Each structure stands twice: as structure tokens, then as C-alpha cells.
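Asks: Chains E and P are the protein sequences, given in the same order. In terms of the working numbering, the first sequence opens at residue 1 and continues consecutively. In terms of the working numbering, the second sequence opens at residue 1 and continues consecutively.
Each hint should be verified, as a subset may be incorrect.
One-sided excerpt, in silico: chain P residues whose CB lies under 7 Å from chain E [stated by the list, open to error]:
id, residue
1, Asn26
2, Pro30
3, Leu40
4, Val167
5, Leu219
6, Ser240
7, Leu247
8, Val367
9, Gly379
If you are wondering where the hints come from, they were derived from the structure by calculation, not from laboratory data. In this text the structure is predicted, and so the values were computed from the model without any measurement. C-beta atoms are modelled at their ideal positions from N, C-alpha and C, and glycine is treated no differently.
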Amino acid sequence: MNGYCAYNSLLLWGEGRGEWVAIMHQPQRTLQTIPFYRNVRVLAVLAQAAFAIGVVGLVWLLVATMQENMRKQGIPISFAFLQQPAGFAISEGLPFHPSQSYLTAFGVGVVNTLRAAMAGTILATLLGIGVGVARLSRNWLLERLATLYVETFRNVPLLLWLVFTYAAIRETLPRLREGPALLWGTVLMSNRGIALAWPQTSATYSAFQPWLLAGLGLGGVVWLWTTYTARHRGVPWSATALRWGVTVCGVLWVSGFVWTWAMAAPPLVWSIPRIQGFNYQGGLVLSPEFAALLFGLVVYTASFIAEVVRAGILAVPKGQREAAQALGLSERQTFVLVICPQALRVIIPPLINQYLNLTKNSSLAIAVGYPDLFSVGLTINNQTGQAIPFVMMIMATYLSMSLLTSWVLNRLNRRLALKTS
Amino acid sequence: MHTTSPAPVLPPPEMSLSIFGWLRTNLLHPWYNALLTAVLLAGLALAAGPVWRWVFILAHWQAVAVNLRLFMVGLYPSAQVWRPGVVLILLAWLLGGSAAHHRGMIQGVSTMLLVGLVLLAPLLTELARVSVAGAALALLAGYGLAWLWPHSKKLWQLGWLLSLPIVLIVLGGVRGTGLSPVPTTQWGGLMLTLLLAVIGLVASFPLGLALALGRQSTLPVIRWFAIAYIELVRGVPLVSVLMLFSLLLPLFLPASWGRPDTLLRILAGLTLFTAAYMAENVRGGLQAIPRGQYEAATSLGLTWVQTMRYIILPQALRAVIPALVGQCISLFKDTSLATIIGALELLGIAKSVIEQSEWKGITGGVVFEVFTFTALVYGVFTYSMSRLSRRLERDLGVGTR
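Work out the full structure, taking the sequences as your base and the hints as a guide.
Replies: Okay, here's the thing in C-alpha cells:
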């Protein structure tokens with residue numbers, strides 16, 4: 001009641017500037033009389049508390065139901081089963097024996113996933129850059145073909161490509177001995193998989209190894225020293241430093257290779273695949289499962305990477321190219337020194353996304369029977385009935401892989417990003 | 001007195017190329033381009049013969065033709081197969097009606113559907129042809145009706161709102177009526193793929209919107225919950241989310257409820273997974289709105305709900321339409337993962353068709369025929385969606401307003 005009195009009297013008193021007086025006094029009045037259920041700060045706290053209670057209550061309800069169900073089924077939730085022998089074989093990857101534990105089996109699956117993801121990432125990047133640049137080609141025919149590639153592979157589910165490739169290898173390729181040998185016998189194909197010629201270390205490799213290490217060490221020293229002196233001259237970062245380091249390293253490797261060869265035999269030889277008994281011998285053998293998974297992941301992801309690369313190059317303003325040409329830079333110099341660095345800044349963030357997608361998509365290996373971590377985990381689940389540990393392990397592994405990859409690549413991205421300050 | 005007058009502004013020189021000029025600039029100049037063209041042409045010429053021979057002579061397209069019903073509706077009982085036909089007719093009628101009211105994109109969809117139906121008709125069996133023809137006529141009838149009665153816009157929108165429950169009732173049936181129940185395990189083919197995509201989209205969009213708003217919220221508990229949910233879901237593959245629901249949903253629900261339907265489990269996984277991605281797309285739009293818009297709305301005395309409803313969301317959603325359509329395309333492709341959980345949607349049907357015993361005698365089976373057809377069906381839908389997105393962008397004036 002007091003508030004109202006003061007308000008009125010002041011308004012009467014300050015006739016000429018009544019408005020001003022009223023505004024000055026209003027906050028005081030509202031603070032005194034506002035009920036708590038209309039106070040924004042109190043409401044915010046209440047809303048959050050209600051939300052938190054709701055979420056916690058829901059989780060508690062679900063967990064309680066789950067425990068009740070598990071008790072009825074008689075399955076205790078624990079990770080102790082991981083130490084028991086697995087009792088199943090894994091068709092490829094690190095050597096694994098059924099007597100080894102479930103945990104080891106899961107580890108073999110993780111390594112298989114990483115193997116597929118890494119090979120897929122490298123190949124998809126190469127193919128994607130190629131197709132992306134081809135889409136910007138001045139050659140009409142090449143540009144059309146690249147567009148056809150992108151539209152074909154991007155618009156159809158990855159799972160279809162995987163299942164299709166696997167069925168094509170298993171059903172349409174001939175049997176082992178009737179399979180075609182391509183490229184002068186360096187590539188053998190059959191329904192047992194694909195075998196490629198691959199470099200292999202020979203007996204003289206031990207003599208070559210010091211050269212390898214010396215190349216790395218000396219190259220590193222040269223790189224660091226050149227960077228140091230460049231910084232001394234006031235140049236913060238120098239491309240020549242890296243070039244010098246790589247050159248020194250390369251020279252040492254080549255001379256070491258030639259030296260070992262001249263003394264005895266080459267330290268690295270091509271291992272050419274051949275058919276022996278019921279299998280391939282030598283070379284790099286890709287099982288039908290791995291070949292299908294790799295092919296599907298690479299062609300599918302490459303079509304997305306191609307679009308990323310194309311968008312990145314198109315994002316560089318036209319004036320940059322024209323300015324570079326006006327300065328007299330050659331076509332190659334324009335691309336390497338002007339277009340590329342600017343395009344990379346646009347390309348890298350979505351490219352990181354594509355790498356993460358590829359890694360996560362490798363879980364579709366289950367559809368072709370490649371023993372990645374998901375499919376090994378599912379086998380473990382089928383044998384033990386431990387559904388909750390299985391799902392938790394799968395999710396934790398993928399989550400940590402995703403977070404780790406994005407952390408590393410985002411750091412790289414921050415180094416390349418434009419310094420705004 | 002000597003005066004100067006500005007020279008007349010000349011139009012740019014006309015760029016007209018003769019056919020030889022076009023060939024020169026696009027294919028033959030400089031020398032390495034000519035070489036490239038020659039190599040590509042040689043490759044195409046080498047490939048053209050075998051491809052032509054396979055498509056028109058060698059391929060066993062009857063594997064697709066015989067199983068066309070399987071591809072369209074899966075294992076839906078043959079006595080009840082008129083029900084998907086009725087659904088098609090109903091949706092075509094609604095689409096026709098809406099096309100008369102909303103120009104632009106919906107008209108584009110209707111035109112595409114009409115052309116598609118007309119092209120499809122000669123390929124089909126008698127019954128399917130009746131429903132396809134019925135759908136084409138219904139589309140035109142709906143358009144005519146809405147055109148004759150221009151004030152019916154709200155009614156058509158109500159029709160769309162009711163369409164999903166009606167479709168589910170017609171397909172699923174009701175016990176004790178003329179519509180005998182059809183369990184969801186018998187739904188399949190393209191019908192199931194489309195249903196999964198549409199229901200997934202309808203369910204995940206509001207959820208994604210809520211998550212995006214939650215992530216932008218000033219209330220820390222809600223913001224951290226939204227961030228944790230979005231990052232957790234985006235860090236794991238869809239298969240693992242589907243597997244989570246397939247294996248764990250029965251455990252987390254009271255035993256008295258019985259085992260939840262497989263279709264329901266797939267939909268739950270698909271929806272909760274897509275919602276996280278939707279949220280990130282919407283957040284992109286929300287962040288693009290200048291701060292002044294919020295401040296102006298607040299100073300006008302609008303509440304938070306009014307600010308969002310009338311000021312922020314209309315602008316934010318318009319800005320992210322391409323991303324949202326991209327998400328729809330992803331969702332449509334992601335429905336193929338239901339095969340892994342055991343649903344016979346389009347890809348599942350394709351896998352079962354190549355295993356049919358009558359094609360085992362053919363060397364190499366019918367792998368290429370079946371998967372080429374399936375890829376084409378997927379491709380037609382995703383390609384149309386991306387074309388429609390471009391058109392929608394133009395109609396709404398993204399980037400030009």
C-alpha cells in the first residue's frame with residue numbers, strides 16, 4: 001500500500017516531468033510486489049529442476065524395469081564374461097584362436113574396423129579429389145562423366161552398394177582357377193577374393209633398415225634446422241624447410257636401396273600372387289568380404305568428397321584467379337599458391353565429417369560378413385546373451401573413435417584456418 | 001565550345017559459337033584435352049557394346065517383372081493387395097487438391113507423380129494397373145475439386161493431417177471389421193521403405209526442432225542435455241542405434257506389454273537417430289538469425305513462444321531448407337538399414353529375390369538385374385527430392401531476400 005502512495009504523490013509533485021518520475025519508481029514497486037510464480041529467475045530454476053527430475057525419473061523407471069526383466073531371465077549384468085574363451089573363429093585380421101577370450105576377439109574386431117576405415121579413407125580421398133576436380137574440368141565429356149559418377153553413387157544407399165558388390169564377387173566371378181588375371185598377372189580375381197602384387201621385404205632388408213632410419217633422422221634434423229634458421233630471419237613458416245627435409249630423406253633412401261641392391265639383392269621385392277592348392281599364395285589378398293566393404297565405402301564416400309572438393313574450389317572468388325594471372329603466375333602456380341590454400345580452408349571441415357561418416361558406415365560390414373567390431377560384438381552377444389554390455393561396448397568404441405578423430409582433425413583445421421585477430 | 005559526350009555503353013560482344021567452336025573450346029583445345037577426349041571416347045565405345053548387349057539381350061529382366069508385386073508391397077497378402085492401392089489413390093487425391101492451392105513445389109510433386117503413374121501403367125498387372133489409373137484420375141479429380149471450390153484450403157490441410165492415421169488403419173486393418181488385420185511383418189517393399197521414411201520424418205522433425213531450441217537455450221540443464229544427446233547420437237553409427245532398440249527395447253519395457261513390434265523398434269531407432277541430425281541442421285539456421293531480431297521481438301513485448309513462432313523459426317527454417325531436404329534424402333537411404341534388423345523393405349526384398357531358386361540355374365544369377373532395378377528405384381526418389389529442394393529454394397527465395 002505504501003508503494004502506491006509514494007508513486008501517486010511523486011507523480012503529482014513532479015507535474016512537469018511526471019513520466020520520468022513514474023519510470024524511476026516503477027522498478028522498485030514491481031520488485032516489491034511481483035509474485036514468485038511470475039519471476040523469470042525463479043521460473044527458470046523451477047523449469048530446469050522439473051526437467052532434470054523428469055529425465056532422471058524416466059531413466060530410473062527404465063533401469064528398474066530392465067533390472068526386473070533381467071532378474072526374471074536370470075542374466076546378471078557384468079563384464080566378467082569378457083575373460084571367458086570365445087569359442088569361435090574370426091575369418092580374417094590378426095591371428096586369433098577360439099580359445100582366446102571374448103575381449104581379445106573384440107580387440108581383433110576393432111583392429112579390423114580400423115583397417116577398413118583407414119584404407120577406405122585414403123582411397124576415398126584420392127578418388128574423391130580426382131572426381132571433384134574432373135567435375136570442374138573444361139573438358140565437357142569428362143565433366144559429364146564425373147557428374148554421372150557422383151549422381152549414381154550418392155543417390156543410392158551405401159548398403160545396396162555393399163550387398164551388390166559382395167553378391168557380384170561371390171556369385172558372378174568364376175571359381176579360383178578359372179578367374180581372370182589382369183595387368184600381366186599382377187591382379188588375380190575370383191570368387192575367393194582379389195589378389196594384388198604387393199611389395200615385400202627380402203633377406204637383405206636388415207642391411208637396408210639403417211638407411212631408412214638414417215633418412216628419417218637426418219631429414220628431420222635438416223627440416224628442423226632450416227625452419228629454425230628461417231625463423232631467425234623472420235620468416236614464420238617456410239615451405240622450403242619441409243622440401244629440404246624430404247629431399248635429404250629421399251636421397252638417403254634411394255641411395256641405400258641402390259647400395260643394398262648393388263651389394264647383394266634389392267631389400268624390397270614385388271610379391272606376385274599365384275594360385276597354390278585351394279588358395280592364393282603371396283601378394284596382398286583381399287577377401288571377398290573386405291573387397292566388397294572397401295569398394296562400397298570408397299565409391300560411396302568418394303562421391304560425397306568430390307562434392308566437397310568441388311564446392312571448396314568454387315568458393316574461392318573468381319577475382320583471386322584473375323589477380324594471380326594478372327601477376328603473371330602460371331596455371332600451376334595459380335592453383336598451388338592461390339586457389340589451393342584458400343579452397344582447403346573451406347574443404348577441411350566437411351571433409352572431416354566425411355571421414356567420420358566413413359568410419360561409422362564401416363559398421364555396415366555386418367551385411368557382407370566382414371568381422372569388424374560390430375559383427376564380432378554381435379557374435380559375442382548371440383553366444384552370451386549379454387545385450388547391454390554389448391551395446392555399451394559398441395557405442396563407447398565408436399564414440400571414442402569419432403571424438404578422437406574429430407579432435408585431431410579439428411586441431412589441424414585450426415592451424416590452417418584464417419587467423420582473424 | 002568543345003564538349004565531350006560519354007561514349008555509348010555497348011552491349012557485351014555476343015558469345016555465339018558454331019558447333020565447331022563449341023567442340024574446340026569444350027573438347028579439343030589444348031592438345032591434352034583432345035587426347036583426354038579421345039581416350040574417354042575410346043573407353044565409352046568399348047563399354048557401350050557389352051552394356052547394350054547385356055541390357056537388351058542377355059539380362060533376365062523377368063526376375064524383376066515376375067516379382068514386381070514383391071518389390072512394391074512385399075509379402076502383403078494377395079487378397080488384401082487392393083488396400084495399398086486405395087492408399088495410393090487417397091494420397092494422389094490429396095496431392096491433387098493441395099496442388100490447386102499451393103503452387104510451386106507441391107505442383108511439381110503432383111506433376112511428377114502423374115507422369116510417374118502414367119509411365120508405370122503399361123508395366124503392371126491388371127489389378128495394379130487399375131489402382132495406378134485410379135490414382136492418376138484421383139489426382140486430377142482432387143485438383144478439379146479444389147479448383148472449383150477455392151475456399152477449401154484449410155480442409156485439404158486437415159486431410160493431410162488425418163492421412164497418416166487413415167493410411168495406417170487401412171494398411172494395418174481393424175479386428176472385427178471388413179478390413180482384416182495385416183501384421184506389420186507382412187508389410188514390405190517400396191511401400192515399407194516409404195512408410196519408414198515418412199513416419200521417421202514426421203516424428204523426428206519436431207523432436208529435432210525441440211533439441212535445436214534446447215541447445216540454444218539459456219537454461220544450462222536443458223542446454224547440456226541437448227548437447228549430450230546430439231553429440232552422443234552423432235558419434236555412433238545408425239546400425240548400433242537400431243540394434244540398441246532391437247535388442248534392448250524389450251528389456252527396458254515392462255514384460256506385461258509384450259514384445260514390441262519390429263517395425264516400431266526400427267521406427268524408434270530411426271527417429272531418435274535422425275532427430276539429432278535434424279537438430280544440428282536447424283541450429284545452423286537459428287545461429288544465422290541476427291541478434292537484432294531477438295531483441296526487436298523482445299522489445300515489442302512478444303513472449304518467447306511468440307518470438308520463435310512468428311519471428312525466428314520462419315526465417316531460420318527457410319535458411320536451412322537445402323540441409324533439411326538433404327537430411328530427408330539421408331533418411332530415405334537409411335531406411336535400407338532396416339534389412340539388417342530383419343524387415344523386408346526394398347533392399348531386403350532385393351536380397352530375397354536373388355536367392356529365389358528359379359534363378360539359380362542362370363550363370364551368375366540375377367544379381368545385376370535385381371540390384372540395377374533396386375538402385376534405379378532408390379535413385380528416382382532421391383534424385384527427385386534433390387530436384388524439388390532446388391525448386392523449393394528458388395520459390396522461397398533463399399539467399400535473395
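Asks: Against this structure, judge whether each hint is valid.
Replies: Now the hints, each set against the structure:
1. Asn26: 4 Å, holds
2. Pro30: For P/Pro30, the interface hint is violated, since the closest Cβ of chain E sits about 10 Å away, which is over 7 Å.
3. Leu40: 5 Å, holds
4. Val167: At about 24 Å, which exceeds the 7 Å cut-off, the nearest Cβ of chain E leaves the hint on P/Val167 violated.
5. Leu219: 5 Å, holds
6. Ser240: Nearest chain E Cβ about 5 Å off; hint holds.
7. Leu247: 4 Å, holds
8. Val367: 4 Å, holds
9. Gly379: At about 5 Å, which falls below the 7 Å cut-off, the nearest Cβ of chain E leaves the hint on P/Gly379 intact, so it holds.
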